[in-house]
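Protein chains in written order, with the working numbering: chain G, 1 to 559; chain X, 1 to 184.
In case anyone wonders, no lab produced these hints; they're calculated from the structure. Treat the hints loosely; a few may be bogus.
What the hints assert, rightly or not - Listed below are the simulated DSSO-like cross-link pairs for lysine-lysine, each with C-alpha atoms no more than 27 Å apart in a straight line:
1. G:189 x X:85
2. X:35 x G:163
3. G:181 x X:89
4. X:85 x G:181
5. G:540 x G:367
6. G:307 x X:25
7. X:89 x X:35
8. G:163 x G:12
9. G:189 x G:307
10. G:181 x G:307
11. X:85 x G:307
12. G:181 x G:12
13. G:189 x X:95
14. G:367 x G:515
15. X:25 x X:95
16. X:85 x X:95
17. G:285 x X:85
18. X:35 x G:181
19. G:540 x G:488
20. G:189 x X:89
21. G:367 x G:488
22. X:25 x X:89
23. X:95 x G:181
24. G:307 x G:285
25. G:540 x G:515
26. X:89 x G:307
27. X:85 x X:35
28. X:85 x X:25
29. X:95 x X:35
30. X:95 x G:307
What the hints assert, rightly or not - Over 12 Å on every C-beta distance to chain X, these chain G residues come out as not near it, computed from the model:
31. 38
32. 39
33. 76
34. 80
35. 160
36. 185
37. 226
38. 244
39. 285
40. 320
Owing to the predicted nature of the structure, the values given are computational and were not obtained by experimental measurement. By construction, the Cβ of each residue, glycine as well, lies at the ideal position given by its N, Cα and C atoms.
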Amino acid sequence: MRAADALFAALKAEGVEHIFGIPGGASLPLYDALYDAEIAHIQVRHEQGAGHAAEGYAKASGRVGVAFATSGPGATNLVTPIADAMMDSVPTVFITGQVRTDLIGTDGFQEADVTGITMPVVKHSLLVTDARQIPEYVHQAFHIASTGRPGPVLVDVPQDLSKADIDYHPAAGTPDLPGYKPPTEGNIKQIRLAAKALANARRPVIYGGGGIVNANAAEEFRRFCLSDRLPVTLTVMGLGAFPAPHEQWLGMLGMHGTRTANYAMDEADLIVAVGARFDDRITGKLSEFAPRAKFIHIDVDPAEISKNIPAHIPIVGDAQDVLPKLTREYEALDPETSRLEGWWGRIRDWQAEWPLRYDDSRDSEIKPQFMIEAMYEATSGDAVITSDVGQHQMWAAQYYHFDQPRQWINSGGLGTMGFGLPAALGAKVARPDDEVVCLAGDGSLIMVCQELATAVHQEIPVKVFLMNNGHFGMVRQWQELFWQERYKSVEMGPSPDWPQLAEAFGWTGMQCSDKGDLRDAMRTALETEGPVLLDVHVSKDENCFPMIPAGAAARDMVG
Amino acid sequence: MGEPGTKDTVRLEDLETASRLTGRKHILSLLVEDKPGVLARIAGLFSRRGFNIDTLAVGPTEDPEVSRITLTLDGAVHPIDQVTKQLHKLVNVIKIRDLEPEHTVAREMALFRVQASVENRAEIMQFAEIFDADIVDISRRTVTIELTGTQDRIDAFERMIRPHGLIEMARTGEVAISRSRPDQ
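Extracted from the complex, chain G is given alone in its bound form:
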């Protein structure tokens, strides 16, 4: 069998139904094999779009997302999504064409050392040096990408090797990788110790992250939190892992989290971190982070434990395994719920004093927060929402109450502007029966607007709700608050006429700048067949609050 055909046979053996990509010279044999492969190829307009679409696909479904690119510039265009997938632990496989083996190292046409370029940002990479490796490497790539802490795996396939003739033997079972044994089960002694510590805590906080979603452990997490009156907060990556709103829900924590969540962390005596990594957007000033707390840290990646914050009780394991055991051990102790009375009193005071709030306009002006609330209502709170990066992302995290895992798809770690639209395409391909809305920023959307063509060409009916404030809003906010209002290069100037631009691509374009019309406009957009872009003009200078200034402590929240 031709090696390229074997590659697709191997992909099918992994259950792949969709791939995202753009062909090119070095991947011609692969695309020739794809002609007969019965795998749907979503032809995007830029390889970055292929990568983010694969991420959106993976985040929405939990299955491995796959992107294809040719050698050289095709492959280098994937670097941003690969880095993004690494930071957010997204199970993805990137397959790149490479120049012929006799050209490697000669600066051949469209040659780039993509294995070398991506080395710092992949979970693993495999450079094919013998055509017979291809089926096994595909199998390894899927195993590595999807187990343990998920992440991106690159497979680089030289053009001549993909044309070679090989005997295809389907790879099955767990691949033989002597250096890769991801942990699964948590140590029961540590779990018991954690349960006992928690039973004795008077001011506990459960702090969950994206690892819960990755582990498909939202149900186990919810059960654990509800085994007692344990206060719960989540990172921006974890939203949806606990149903919001809920009486035990404190809101998101971190830089733009609620005061309640951040103050609770600050005064907690015990913090249970689950699938979270104490990122600087969570901790603020590390030396003043949760100064009174002891830490139980549950993570599948041992290197995350005690990386930023030393853990008192480390538990290495899959959240899906650890949480039910922890719940069982904790309940068996029959903990005294009344010990949390005082703590809840304190929390309720914060919630009463510092609810999430904004000053709504007195005229028809649309405040961005109002837009998110309208979006929540128009979608009945159950759409899959993808977002770009910036103010709109944080407002969505604050005001759209996500109650299901895999409902909120955004770029948290790398913070990649332009993530939203291609991620929405991927999410819609993975979940065609669900409403998928990209909440876009105008600064972000224009970075990837060529993918508007993909939605029409590939018939992917996503909706884009564009929060248009004419600025790189978050950068503008920082220049206002921390750089003495010396605004530089944050105004978008003559932005395109977005509805017209959308129409030019074959979308339905709509616009709204009146608060009173917004909900109806959103409903109309959702009810309209095919892809629809709704350009929503919002206040230009609204700031996202509350906020922990960079490098400050939770106590010093402003706004």
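Starting from the known structure of chain G, arrange chain X on it as the hints suggest.
Below, chain X alone, put in the same frame as chain G:
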């Protein structure tokens, strides 16, 4: 520890974290798959995480598919625990041992080219003899000395020989292996 369901809770004030810096030199012995790019992955990991390697030695093992990388680093500067955990994430790294100094045989080899005039040649030869080093090359004005030993011993020899005009020095970095138990 007690059985599940017991009432003995854990006092939070008794919980402690492991200390992160050990304050001593560590020798890490890594067994890695002999695959292209392995060394680049390890070097890249060290540079991007800001870990500083003191010495590094790479060579084959008894298994042709496995190489051994011996590296030393300062536990006063780096949390060794974090270094080893990050190394473990590399798929091609099979095994890591943080060798305990008292249970380890560690050796380094060094070559010294030293100025050797008629006046001091005898003295240099004498140093070499004291350290049980070999003269491996000799010319009218220089001698080249090979010395194998512990890092301390090589440091000591370097201190002795440097005032005589050390022209060039090449050191391998330590390689190490754990000591067998007496009954093995």
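Starting from the hint list further up, note which numbers the structure goes against and sort them upward. Result: no hint breaks.
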